[in-house]
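Engineer: If you want the building blocks of each chain, they are given just below.
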Amino acid sequence: MSSHEHAPVGGRLLTPVTFFCVVLFILALAVLGVRFVHGLGSVTHLNDGYPWGIWVVADVVIGSALACGGFAVAALVYIFNKGEYHPLIRPALLASLLGYTLAGVGVLFDLGRYWNFYHIFMPGYASPNSVMFEVAVCISLYIAVLWIEFWPAVLEKFGLADAKKKLVGTMYIFIGLGMVLPMMHQSSLGSLLIVFGHQIHPLWQSMLLPLIYLMTAVLIGYAIVLFESCVAAAGYRRSIETHLLNPLAKVMLGVLAAYLVIRVGDIVARGALATAFQFNLQALFFWLEMVCFALPFYFVGSEAMRRNPANLFLGGLYLLLGGILLRINSFLIGYMPGDNWSYFPSTGELVVTVGLFALKIAAYIIITRRFPVLPREQHAVAA
Amino acid sequence: MNARRDFFRKTLAGAAVATGATASAPVQARDNLQLSPDALGLLFDSTLCVGCKACVAACKSANNLPPDYNTPAHGLWDVPLDTTAKTFNVIKVFQNGKAEHKDRVEDGYAFSKKSCLHCVDPSCVSACPVSAMTKDPKTGIVGYDPDACIGCRYCVAACPFEVPKFDYDSPRGQIGKCELCRHRIPDGQFAACAEVCPTGATLYGKVADLKVEAKRRLSLKAGDMTRYPRGDLSNGPDRSWEGPVAPYVQHLYGDKELGGTQMMYLSAVPFHNLGMPTLPERSYAAKSESLQHGLYGGLVLPIALFGAMTWVARRNSKNDEHGDGGEQ
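So the protein lines, in turn, are chains A and B.
Counting in the numbering used here, the first sequence runs from 5 upward without gaps.
Counting in the numbering used here, the second sequence runs from 1229 upward without gaps.
Read the hints as simulated data drawn from the structure, not as lab findings.
Note that the structure is a prediction, hence the values are computed from the model and not measured.
Ideal Cβ placement from N, Cα and C applies to all residues, glycine included.
There may be inaccurate statements among the hints.
Stretches of chain A that chain B covers, calculated by requiring three or more beta carbons in the stretch to come under 8 angstroms of a beta carbon on chain B [unchecked claim]:
#1 110-121
#2 130-138
#3 170-178
#4 191-200
Can you make the complete structure from the sequences, with help from the hints?
Structural biologist: Right under this line is the structure:
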């Protein structure tokens, strides 16, 4: 049945877009070559005040959140039993798979002593008290789970029906893992900051950070589905799945409303609200973040607005920006190591981050053209 | 169908409530770690420091550290402005106005020592995912093992005193920080900075003894004369000298801050002038670990959540007409 639900888009693999993406990735490889020969300082602006730059914040913290579509849609379909969203799962899973895999690889570029990486999994070294330990283990396991969850599409492509049936029979276990693992590490990405104490601005330092990060990861998951569906529809000249995206946007707004109540309530309860009205970079970026979180209510707040795909796209986009800003704000803008330090990413850092995102886009295009991932076009299903 | 959905909703709601409840349950909270009775440390008395930097040079020599050029006099003098991966100890100066009077804010100046405070409940140890940062259960010295370290620099970012530093200039860079000369202890020696300090501004010893000495000084009347020990307070020999008592700020920095530190400070100018942050008594490590243990203790919640999710997913994918999870 489902083998009719998804279909490869077809077409050429080498297009101007994929070519450009691959060129960007090759540039990133060149920068990484210098980094591995001469050290992190040769290509980054990292310093002892800001030991974490965009390779951590953009590639891992934001990159993995942008890859939460698979988790967020799977929650709707399998946990809240909304079968109608099923066609959205595979494309979301593919984006998650690529996003998480590259986040995992990206970590290795940033680790100063990457050759010791396996220590995290070794009982003699592993330190379960460390939030970083929990994040690393959960992300690693989740990358494996994502590959397994996506594997039916690969088996389907090569006509291995029996193998697929066997795998799918046990899939509920991986769906369960695919729920719990992202909940664990997406919340822990926020918890990473708790031990920083006073070094994080009061607008972002909170014992609710794990909840704030988890809820925005889910929100980013829905937003990225809206965003990707619109971009894929435009890029491949397919009809847009408005009948699915429209109610999805409604679910998203519900979660967003709950998030904003918790976020603002937490700031007020901690007595940090006054710091939002000071004249400084932190307050400015806080309001940017909050405006981005509020704008989706304007673009997709009403049934009439939601019918226009452009609004779905913009609603998703602003929510994405809000989630991204929250992460940049709490890790970099709101991180205050003292007056003598400053950080702005170097060209080399930007090239690597852009190159990794470009690789994800190229891989997404190539895989959706050859593997049954995107929903089969409406008329074909009806036939 | 509806009844089933309702049941799942309740299950999920229950799990969510349990998560919240456990996260805030005080039984799960981890208290601050406690000071070991044999803990070793330093007492830095800013009023005794004359800024000679003998300790900076001795630290370099005791730890085999290369020169650190970060001034315009590049290549001529080793004059680090701050601690780095190659400089574990520096003497800094606070200056204000005309900077004419020692240990005064108004037109005054004061010296401060920057090196690892060896927290009783260190953030860096809590942050480290691979036990490269460790706290010795007996001496309380916070040590670093480059062979374990993965170079994630969580310790660099987490330290409230900005002590661990990373060497970004080497492809095999490692963290550098004071380890209280733990490599010299087996030879019967002690921290090089305290050993060479001519005035006893940096004093080595058991933390318990150092605290007694610090409180003795705080109880003295400014202007009176008293004896200042030098070197190793706990094991001697007595190399003390007599000098005047400064008008101390009535606070021993590091006694209570974040659950206490094993290097402590006395000063006659407010501690924030010396660059020391004002800190709560509950350690950040305890806060962070309380949260983590509350959520993940014994893996009870994750396993319960996994069980519930798997069960729900199985039921839902069985009846799923489209079925990817139930892609039959």
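Engineer: For each hint, tell me whether it holds in the structure or not.
Structural biologist: Against the structure, the hints:
1. 110-121: holds (count 7)
2. 130-138: holds (count 9)
3. 170-178: Satisfied; 5 residues make the cut.
4. 191-200: Since three or more residues must qualify, the claim that chain B covers the stretch 191-200 of chain A holds, with 7 doing so at under 8 angstroms.
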